[in-house]
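Asker: Residue numbers (our numbering), protein chains in the order written: chain A, 1 to 83; chain B, 1 to 83; chain C, 1 to 146; chain D, 1 to 146.
Calculated from the structure, these hints are not laboratory results.
The reader is advised that the hints may include incorrect statements.
What the hints assert, rightly or not - Which stretches of chain D does chain C cover? Using the computed rule of at least three CB atoms under 8 Å from a CB of chain C, they are:
hint	segment
1	12 to 26
2	36 to 47
3	99 to 105
To be verified - Below 20 Å or equal to it, Euclidean Cα-Cα: the simulated EDC-like pairs (lysine to aspartate or glutamate) are:
hint	chain 1	residue 1	chain 2	residue 2
4	D	K101	C	E137
5	D	K144	D	E65
6	C	K21	D	E15
Where a beta carbon is used, it is the ideal one built from N, C-alpha and C, also for glycine.
Next come the chains, spelled out residue by residue.
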Amino acid sequence: MKLDVVYFAWVRERIGVPREVVETEAVNVADLVAELCTREERYAAAFVDMSVVKVALDQTLVALDAPLADAREVAFFPPMTGG
Amino acid sequence: MKLDVVYFAWVRERIGVPREVVETEAVNVADLVAELCTREERYAAAFVDMSVVKVALDQTLVALDAPLADAREVAFFPPMTGG
Amino acid sequence: MTVRVQATDFDLGAELAALSKGRVDIGAVVSFTGLVRDLTGDLQALELEHYPAMTQAALEEIEAEAVKRWDLDASLIIHRYGRLQPGAQIMMVATASKHRKAAFESADFLMDFLKSRAPFWKKEHGLAGAAWVDAKEADETALKRW
Amino acid sequence: MTVRVQATDFDLGAELAALSKGRVDIGAVVSFTGLVRDLTGDLQALELEHYPAMTQAALEEIEAEAVKRWDLDASLIIHRYGRLQPGAQIMMVATASKHRKAAFESADFLMDFLKSRAPFWKKEHGLAGAAWVDAKEADETALKRW
Chain A
1 MKLDVVYFAW
11 VRERIGVPRE
21 VVETEAVNVA
31 DLVAELCTRE
41 ERYAAAFVDM
51 SVVKVALDQT
61 LVALDAPLAD
71 AREVAFFPPM
81 TGG
Chain B
1 MKLDVVYFAW
11 VRERIGVPRE
21 VVETEAVNVA
31 DLVAELCTRE
41 ERYAAAFVDM
51 SVVKVALDQT
61 LVALDAPLAD
71 AREVAFFPPM
81 TGG
Chain C
1 MTVRVQATDF
11 DLGAELAALS
21 KGRVDIGAVV
31 SFTGLVRDLT
41 GDLQALELEH
51 YPAMTQAALE
61 EIEAEAVKRW
71 DLDASLIIHR
81 YGRLQPGAQI
91 MMVATASKHR
101 KAAFESADFL
111 MDFLKSRAPF
121 WKKEHGLAGA
131 AWVDAKEADE
141 TALKRW
Chain D
1 MTVRVQATDF
11 DLGAELAALS
21 KGRVDIGAVV
31 SFTGLVRDLT
41 GDLQALELEH
51 YPAMTQAALE
61 EIEAEAVKRW
71 DLDASLIIHR
81 YGRLQPGAQI
91 MMVATASKHR
101 KAAFESADFL
111 MDFLKSRAPF
121 WKKEHGLAGA
131 AWVDAKEADE
141 TALKRW
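Could you put the whole structure together from the sequences, leaning on the hints where they help?
Answerer: This is the structure we're talking about:
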């Protein structure tokens with residue numbers, strides 16, 4: 001399965017790219033995170049504390065155990081600080 | 001004792017004048033109100049229900065039993081409706 | 001910290017811009033504007049009577065209380081009197097603070113006290129006659145929140 | 001009911017005037033404006049990053065929730081992104097209602113949810129370097145009020 005994965009703020013800075021296509025068989029977000037962390041150190045650095053990383057599937061906030069199912073875009077970012 | 005007495009909104013309309021000088025020996029606001037009510041019907045009409053009339057002595061809100069003491073201006077008006 | 005009581009209209013945008021102009025210590029500005037409503041379609045004018053000798057001082061006292069309770073960097077109260085048309089601006093309050101909670105709460109506080117403690121009275125002039133607006137019990141009750 | 005996400009500045013006064021222009025059913029307008037603070041004197045710029053594909057929809061969802069909970073006659077959210085100078089306007093919300101409580105509460109609600117649910121991130125560029133602004137625990141807690 002091919003996923004568009006996007007990163008924002010310091011998650012983006014640690015991973016080094018704003019967007020990439022990831023080929024994966026992960027069934028949920030947590031699996032995808034674990035898989036990325038084994039691939040390269042920069043993912044491990046970005047995802048070292050998932051309590052401060054939020055996830056959106058197709059632009060909707062979801063929990064870490066959300067199934068990837070038919071999602072096309074996964075986003076990882078820190079807690080929001082707008083306003 | 002001579003007092004400047006001022007009226008606002010429907011209290012003013014019932015009494016018919018916005019301001020007058022009243023010569024009185026009343027010691028507190030309630031006495032003054034009672035005295036005015038005995039003088040003329042228009043005062044009785046304005047002060048028939050003192051629960052909806054507020055009083056200020058020298059521009060400060062006071063209770064009905066406040067002593068007139070050295071007050072120079074007494075104001076009677078309905079509950080405020082600004083804003 | 002400014003209070004103005006006036007018959008003329010005010011420029012809300014210019015007032016809010018002036019409040020924070022040239023400053024970098026203000027993070028949050030909250031404003032409230034009161035407008036003349038005509039829900040039944042027969043209002044010709046809203047007349048606002050006030051107690052000139054008392055109004056300015058009463059508003060300044062309410063503002064001073066807000067400044068005492070919250071960490072405000074600026075505040076403004078403008079209240080009009082006289083005859084106003086439907087849709088016209090009646091009054092405004094604005095508060096500026098480092099933090100949004102302080103700005104929100106103090107503006108809300110100013111409005112609650114202004115409603116029941118500033119000497120203004122509204123009279124509605126309609127097609128069928130004129131009537132003084134009654135104070136709401138809820139307005140007096142609102143003061144107990146603070 | 002309008003949401004705008006833009007790099008350019010906005011004219012707060014013109015936006016508020018437009019909200020109630022030509023209407024006589026609005027009694028109360030509340031606005032909140034967020035400004036770039038520089039409390040230490042070494043801020044050079046505030047950078048606002050956002051998630052373009054999500055931002056507009058997230059703000060519209062928050063606004064729709066406010067419209068569901070309160071009797072609003074109009075509402076507006078404008079949020080900027082990009083590089084902003086100290087003192088600059090970051091964003092605004094405005095709500096208009098027949099009643100002041102609805103206007104105050106809904107603006108407060110919009111701000112609480114916007115803070116923690118709209119995909120914006122702030123980075124402070126100072127003389128000594130740059131740092132992402134941390135989310136406050138209080139911001140997440142604030143959502144539980146509603």
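Asker: Work down the list of hints and note, for each, if the structure agrees.
Answerer: So, going through the hints one by one against the coordinates:
1. 12 to 26: Since three or more residues must qualify, the claim that chain C covers the segment 12 to 26 of chain D holds, with 11 doing so at under 8 Å.
2. 36 to 47: holds (count 5)
3. 99 to 105: Answer holds; 3 residues pass the 8 Å Cβ test.
4. D:K101 - C:E137: Distance ~14 Å between D:K101 and C:E137 Cα, so the pair holds.
5. D:K144 - D:E65: Holds, at roughly 15 Å.
6. C:K21 - D:E15: Cα-Cα ~18 Å, so holds.
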